[in-house]
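Just so you know, the protein sequences line up as chains Y and S, in that order. Straight run, no breaks: the first sequence in numbering that gives the first Met the number 0 ends on number 429. Straight run, no breaks: the second sequence in numbering that gives the first Met the number 0 ends on number 89.
Hints should not be assumed to be uniformly reliable.
Under 10 Å between C-beta atoms, here's a sample of chain Y residues computed to sit facing chain S [said to hold, decoys possible]:
1) K40
2) A104
3) K105
4) Q142
5) V177
6) V181
7) V236
8) S275
9) T401
Honestly, the hints are just simulated from the structure, not real lab data. Note that beta-carbon positions come from the ideal geometry of N, C-alpha and C, so glycine has one too.
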Amino acid sequence: MSEFDAIVIGAGPAGASAAIRLASSKKNVLLVEKSDPPGSKNVSGGVLWGSSLSSIIPDWEKSAPVERFVDTKSVAFLTQDSKIGIDFSSKKLQQKKTGYTVLRAKLDQWLARKAKEAGAMVINGVTVEKLHMENGKVTGVEQGGDVITSDAVILCEGANPRVAIDSGLHKRLSDRDVAIGVKEVISLPEATINERFHLKSGAGFACEYVLGYLQNGVEAGGFLYTNKDSISVGIVVSMSHLRQNDATHSFDIIESFTGHPYIAPLLEGGNMQEYSAHLVQEGGIGSMPKLYGNGYMIAGDSAGFSFSNGLVLQGMNYAIDSGIIAADTFIEASKGMDYSESALKLYQDRLESSYVMKDMRTFKGIENVTWSPFVHKKVPAMLESLMLNLFMEEGKPKKHMTGMLLDAMSENDMLKASSIMEAYRMMRRM
Amino acid sequence: MKIEDRLSVLNYKTDKSYAHITVKPDICETCPDHFCTFACPANCYTLIEGKLNFKYEDCVECGTCDVACAHGSVTWTNTKGAHGIKYKFG
Chain Y
0 MSEFDAIVIG AGPAGASAAI RLASSKKNVL LVEKSDPPGS KNVSGGVLWG
50 SSLSSIIPDW EKSAPVERFV DTKSVAFLTQ DSKIGIDFSS KKLQQKKTGY
100 TVLRAKLDQW LARKAKEAGA MVINGVTVEK LHMENGKVTG VEQGGDVITS
150 DAVILCEGAN PRVAIDSGLH KRLSDRDVAI GVKEVISLPE ATINERFHLK
200 SGAGFACEYV LGYLQNGVEA GGFLYTNKDS ISVGIVVSMS HLRQNDATHS
250 FDIIESFTGH PYIAPLLEGG NMQEYSAHLV QEGGIGSMPK LYGNGYMIAG
300 DSAGFSFSNG LVLQGMNYAI DSGIIAADTF IEASKGMDYS ESALKLYQDR
350 LESSYVMKDM RTFKGIENVT WSPFVHKKVP AMLESLMLNL FMEEGKPKKH
400 MTGMLLDAMS ENDMLKASSI MEAYRMMRRM
Chain S
0 MKIEDRLSVL NYKTDKSYAH ITVKPDICET CPDHFCTFAC PANCYTLIEG
50 KLNFKYEDCV ECGTCDVACA HGSVTWTNTK GAHGIKYKFG
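Whole structure, please, built from the sequences with the hints as guidance.
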C-alpha cells in the first residue's frame, strides 16, 4: 500500500495544476517543492497566454495574482540605430483577454496555495534526490535516505530536470535543447508605465524583439513586458551561437538590450529590483524525452513543451495543460489500479489529441527559423534600408515601393535563388 | 550596470556546508575554451591569472553551466533545504 496515490515533483504551473486536478478528484496527492516559499526559484518572461487555468480554477482571472492583461502586443527588429516594429492594439483584446503578464514568485505561490486548498499535501523546502524504483517501476521519491511511496510520480521539475536526468528518464541537456534566458525586473510607478506605453489602468504592453545588431554571430531575442508597477525586460540567447562566439558574456547582452536607444527611454528612471536567469526550452520535438513509463509521467518544461515562432513565446499554458492531462491520465489509470507503461500510454495519446502535441508537431523545426542569420541579420538590415529609402526625402525622383523593396533586398543579398528558397522554407515553418 | 551590482540586489540563503555545483580543477586547467565564463549569467566562473575560479554562492541555479561545459568538469545538483536563490518576483 502506497503512502500517496500520486507524488508530484515541482510546484510550478505544471505541477501545481496536476496537484489541484488530482486533489479535486479526491486523490491523495503530495506536491514536493524544493524552494520555500514555492515559486521563489522560478522565472518566466512572462506572459501567461490562454485560459488553461479555467478548468481547475474557474475564477482564476479574478483571483490569480496577474499583473496586467495584454492590450498591446508588438514585435520589432532592432538594429544599431533603429527599431522597426508592428504594434497590435485592439479593443477586442480588452473584451476577450488572451494574455496576462505575471511574476512567477507570486503566481506559483498562489497556485501552491490553491493545491493545498483543494486537498493536496504541499511540502516546501524539500529537494527530491532521486526516484524510488522497485522492479523497474517508479514507486515513490527519495530524500536524505527517506522513501515516500506512491502509485505513480508526475515529474514537473521545469527546464532543468535534475531528477529525471539523474534517473535516466531524460537525457542530459545539450546546446540544441536550450537557450539562456536573462531578465531584469525594473520598478516604475504605475502611472508612469500607463503614460509611457499609452495604457489604461490594468492594460499591458508585451513585445518580442530580434536583436539584429549583435556582432560576431551571437543571436538573441529580447522581450519587454509591463507589470502593474514594474517592467520585465530580458533576453534569450542561443547557447550554440554564444559558444561559437566564445567572447561575449551572456549578462552583457541584456545590458546592450536595455541600453538600446529605443529601449532605454522605456526604462528610464526605473530601479532594478531583481536580476534572474533561467534555461529556456528551444529544441522542440527533437528535445522531448519519453513522456511516460512504468509509474511516471513528465509534464511542463521538463517535457520540452514550449512554443516560440519569434512573434510570441509560450510555455506556461502548455505546462498547465500537460499537468492537467497527466492528472486526468492518473485518475483514469486508478480505475484499474494499473500504472504500468502500457496504462500510462494514455498520457501520450491525450497529449497527441490536444493542442500541446499538435503544436509541437506543427512547428517541428521552427527553431531553425527563430535561430537563423536570415532572421537575425538579413531581415533587420533589409527592413532598415527599406524604411530609410521610404522616408529619406532628398529631392530626387522616387521609386515605386516594390522597386525600393527589391533594392533593399538586393543590398542585403536576399535576391539570390538560395535566399528566396530559404525565406520560403522559413515562412512555411512559422 | 556591472554584473556585481546586479547580483547584489538578490537574496540568497547560502548553504555553507554544501556546494550544489562542483568543478574538477584538473579538467578546467587544460580547458581550451572556458565557455562557462561567458555562458554563466551570474558570473560564477571567472579566470584569475589564467586559472578558473568558481564560486557557487552567487549561483541562480539556472543550469546553464552544466550544458555549457563540454568537458565533463561540472557536477550539477539541486540545492537542498530551501538554500540558494530566493526570488521575490521571478
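We went through each hint and held it up to the structure:
1. Interface hint status for Y:K40: upheld, as the beta-carbon distance to the closest one in chain S is roughly 6 Å, under 10 Å.
2. Using the Cβ-Cβ criterion of 10 Å, the hint placing Y:A104 at the interface with chain S is satisfied: the shortest such distance is roughly 4 Å.
3. Because the beta carbon of Y:K105 sits about 8 Å from the nearest beta carbon in chain S, less than 10 Å, this interface hint is met.
4. For Y:Q142, the suggested interface contact is upheld, since its CB lies about 9 Å from the closest CB of chain S, less than 10 Å.
5. Checking Y:V177 against chain S by beta carbon gives a least distance of about 6 Å; that is within 10 Å, so the hint holds.
6. Below 10 Å, beta-carbon pairs count as interface contacts, and Y:V181 has one with chain S at about 5 Å; its hint therefore holds.
7. Because the beta carbon of Y:V236 sits about 9 Å from the nearest beta carbon in chain S, less than 10 Å, this interface hint is met.
8. Checking Y:S275 against chain S by beta carbon gives a least distance of about 6 Å; that is within 10 Å, so the hint holds.
9. Look at Y:T401: its Cβ only gets to about 43 Å from chain S, farther than 10 Å, so that hint breaks.
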